[in-house]
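So the protein sequences, as listed, match chains A and B. Quick note: the first sequence uses our numbering, first residue 1, plus one each step. Quick note: the second sequence uses our numbering, first residue 1, plus one each step.
By construction, these hints were calculated from the structure, which means they are not laboratory data. Possibly wrong hints are sitting among the right ones.
As the list claims (entries may be wrong) - Covered stretches of chain A (chain B as the covering partner; in silico rule of three or more C-beta atoms under 8 Å from a C-beta of chain B):
1. 118 to 124
2. 148 to 162
3. 185 to 199
As the list claims (entries may be wrong) - Among chain A residues calculated to face chain B with C-beta under 7 Å, some are:
4. 6
5. 31
6. 42
7. 49
8. 56
9. 232
10. 252
11. 256
12. 294
13. 296
14. 321
Predicted, not measured: the structure shown is a model, and the values here were computed from it. Even for Gly, the Cβ is constructed at its ideal location relative to N, Cα and C.
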Amino acid sequence: MDEKEALELIDAHLDGETLTDVQAQALSDWIRENEQQADAIFRRIFLHTFLRRRIQSTMLLTDIDSAREIRDSPSALLGDANGDRRSRRWMTWSILVLAFLLVGGLTYQAFFGPVPQTSRPFAYEGFDYEGLESEDVESPTIGGLQGANGGFGFATPWIESGEVEAVVETDPLQHASGMHDMRQFAPLGYTDLNSRTLQVTGRQLRSSGAGKSVSERKLDVSAAPESLRDGEQLGADGSTVWVSFLAQSYDEERDSRFALVQLGSQKAGIRIGRLHGAPHGKWAAAALLNGHEVNVKTSQRTTGEVVFVVMKIDFRPGVELATIWMDPPLRQTPADETKTLQLQLPDFRFDTIYLKAIYSTDFDELRFGDTFRDVAPIAP
Amino acid sequence: MSKQSESKYQLETRKTREQLARRWVEAQPSVLAFLISMTPQFSDAEDLLQEVAAEVAIRFDEYDPTKPFLHWALWVSKIKIADFYRSQKRDKLIFAGEAIDALAAACTRVQDLISEEQQALDECLKRTVGRGRQLLTLRYGEDLKPQEIAARLGMTALSVRVTLSRTRSALSDCVRRRIARANS
Chain A
1 MDEKEALELI DAHLDGETLT DVQAQALSDW IRENEQQADA IFRRIFLHTF LRRRIQSTML
61 LTDIDSAREI RDSPSALLGD ANGDRRSRRW MTWSILVLAF LLVGGLTYQA FFGPVPQTSR
121 PFAYEGFDYE GLESEDVESP TIGGLQGANG GFGFATPWIE SGEVEAVVET DPLQHASGMH
181 DMRQFAPLGY TDLNSRTLQV TGRQLRSSGA GKSVSERKLD VSAAPESLRD GEQLGADGST
241 VWVSFLAQSY DEERDSRFAL VQLGSQKAGI RIGRLHGAPH GKWAAAALLN GHEVNVKTSQ
301 RTTGEVVFVV MKIDFRPGVE LATIWMDPPL RQTPADETKT LQLQLPDFRF DTIYLKAIYS
361 TDFDELRFGD TFRDVAPIAP
Chain B
1 MSKQSESKYQ LETRKTREQL ARRWVEAQPS VLAFLISMTP QFSDAEDLLQ EVAAEVAIRF
61 DEYDPTKPFL HWALWVSKIK IADFYRSQKR DKLIFAGEAI DALAAACTRV QDLISEEQQA
121 LDECLKRTVG RGRQLLTLRY GEDLKPQEIA ARLGMTALSV RVTLSRTRSA LSDCVRRRIA
181 RANS
C-alpha cells in the first residue's frame, strides 16, 4: 500500500464509510510499519479535526449557493492551483517587494510587536464580592447578588427577581456540582493560543442550578462615550458597542434549560449563552423578538467548556448586526472573517444587562466598551 | 489542620488545578484528533472529549508531572474509548492494539507542530475554490456524509469521495509548501 492509498482509506473511515476487514487490517499494518507513516496518518486525522472545527465555527465557507454556481475544472481545488495564477505572475512579482516590506513589518508587529495595553471599558463587573456562606449552593433563596454594587459603569446595584438567586462563587474548585463538573478545573479564565492571558479578577457569578435565577443591572449610560448614546440608552445608529464575558456551564446536557446573557428588552434584543431555542448543549446566540428567540445561531463549542465571548454590535438604521467570536486571539481586533457567529437583530437599544438561568452556569468579567481592547485586556 | 496549613493546602490545590487547566488547553486539539480517529462520528468524539476532560480532572492527582501530559491524557482517552464501545455496542473498533499505540505515539510527536500547521492551514483554507470548497462546506459545515452530498448535488458518491480526498491532499501540500517557505 502506498501513502495515497492509505490516506484515501483513512479519509473513507473518517467520512463514515465502513472499511472491510481486509482494508482495516492493511491500514493498521501500514500505520505500524514505521513512524513516518503513522505521523502521515495522524496529520490527516488532525486535518479532519481542524476542518470540522474551523468551518463550523467561522462559517468561512458557508457561501454554498454561490459555490454551486462555480464551474471549475476538477483539478482547481485550491486558488493557487488555478491556471490564471501563471498569467498573473508578473503582477505577483511586481508587488512582492512591496508586500514583503509592508506585510513583513506588519506580521512582525502582529506577532512579536508590543501589545497595546490601554483598555478602558465604560462598564465592568468582575463579581468580586463576598461569597455565599450557605451550604445550599444549588438553589439559594438568599445571599445572592441582590444589592451588590461593585464594578463600575452601572447606575444601580444588581436586582434579583427569580425564584432563586445567582450567587458569588469564591472557590469553584471546592464546589463542584458532581464529578463531571469541569468548573472544578480552575476559576474562569482565558489564555489564547499565543499564551496571552485575559485579565481577570477573583470570584465569579454562579447562576442557579435548580429554579430560575434572574439578575439584572442597569448601566450608567452617561459613562459611555457620547457617540454610543441614543438618548437614555446605548446603540446610536452608526455606532459599535463591544461586549465580552467568560462563561462555563455545569456540563453540556442537550436540553432546553438555559443560562444566558441578555441585552435589550423582551420585545427586541439579543441573547447569548445556553439558549432555550438551541437545545444542543452548545453556546449559541439568538435575536429576541416579542419574547421569542429567533434567528438562532449555534456554535460548536459545548457549554461544559469555558468560553471567552466577545461580541460586536453594529447599530445601524433598521436591522442591527451582531458579530461574535468565541476564544479569539487577544493580540488585536479579530477580523470579521474569523467570527464564530453572526446574526441580524431587530432594531433595539439597551441600558440593562440581564443574566437569566435555570442551569448552573458561571459568568465572569463582564465588560462593555467601544473597542475590542476595551473588552479584551491582556494581563501584564 | 491549622489555618496556616489549610491555606497552604488551598494554595497548592489551586496551583495544581491551574496547571491542569493550562495543560489541558494545550493537549485538547490532539486528544480530540485521537478520539476522532477511533470514533469518526464527530458528535461521538466531542462527547467523548468531555468525558475524557472530566476523567482527567478527577484523576489529575495520579498524573506524574515529570512525564508528558499528552501521553497520560491519551492513556485516559483509551480507557474512555474502550468504555464507549462497550456501552454503546457500536461497530467494532477499526484500530486495535499496536495500531492504537502507533497512532497515540504519532499524536505525541505531531503535537508540537500542530500550532504552526494550524496557522498555515487557515491561510490555505481561505484559498480553496469551486467544487472542493463547496464539498468541504457540506462535509464539515453541514456534517453531511459523501452519500448525502452526492444526492444533494447530483454527483456520484465516488466522485464526492475522490474530490474531497484530493482537496484534503491539496490542503496538506499547501501547508507543507507554506511551512517550507517560512523556514527557508
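Checklist line | Interface hint for residue 56 (chain A), Cβ within 7 Å of any Cβ on chain B | finding: Because about 6 Å separates residue 56 (chain A) from the closest Cβ in chain B, which is inside the 7 Å limit, the hint holds.
Margin query: Holds or violated: the hint that residue 252 (chain A) contacts chain B, with Cβ atoms closer than 7 Å.
Written below: Holds, because the Cβ-Cβ distance from residue 252 (chain A) to chain B comes to roughly 6 Å (cut-off 7 Å).
Checklist line | Given coverage of the stretch 185 to 199 of chain A by chain B, tested with a Cβ cutoff of 8 Å and a minimum of 3 residues | finding: Holds, because 5 residues of the stretch 185 to 199 of chain A bring their Cβ atoms closer than 8 Å to Cβ atoms of chain B.
Next item on the list: Report holds or violated for the interface hint on residue 49 (chain A), using the least CB-CB distance to chain B and a cut-off of 7 Å.
Entry: holds, 4 Å
Check: For the hint on residue 42 (chain A), does the least C-beta distance to chain B fall short of 7 Å?
Finding: holds, 4 Å
Notebook entry, point to check: For the hint on residue 321 (chain A), does the least C-beta distance to chain B fall short of 7 Å?
Noted result: With Cβ-Cβ at 21 Å, over 7 Å, it is violated.
Notebook entry, point to check: Are residue 294 (chain A) and chain B close enough, Cβ to Cβ, to be under 7 Å, as the hint says?
Noted result: violated, 21 Å
Notebook entry, point to check: Minimum Cβ distance from residue 31 (chain A) to chain B below 7 Å?
Noted result: holds, 5 Å
Check: Are at least 3 residues of the stretch 118 to 124 of chain A within less than 8 Å of chain B when you compare beta carbons?
Finding: violated (count 0)
Note to self: Interface hint check: residue 296 (chain A), Cβ to nearest Cβ on chain B, cutoff 7 Å. Holds or violated?
What the structure shows: violated, 16 Å
Notebook entry, point to check: Measuring from the C-beta of residue 232 (chain A) to each C-beta in chain B, is the shortest one below 7 Å?
Noted result: Violated. Min distance 42 Å.
Note to self: Is the coverage entry for the stretch 148 to 162 of chain A by chain B consistent with the three-residue Cβ rule at 8 Å?
What the structure shows: violated (count 0)
When each numbered hint is compared with the structure, violations occur for hints 1, 2, 4, 9, 11, 12, 13, 14.
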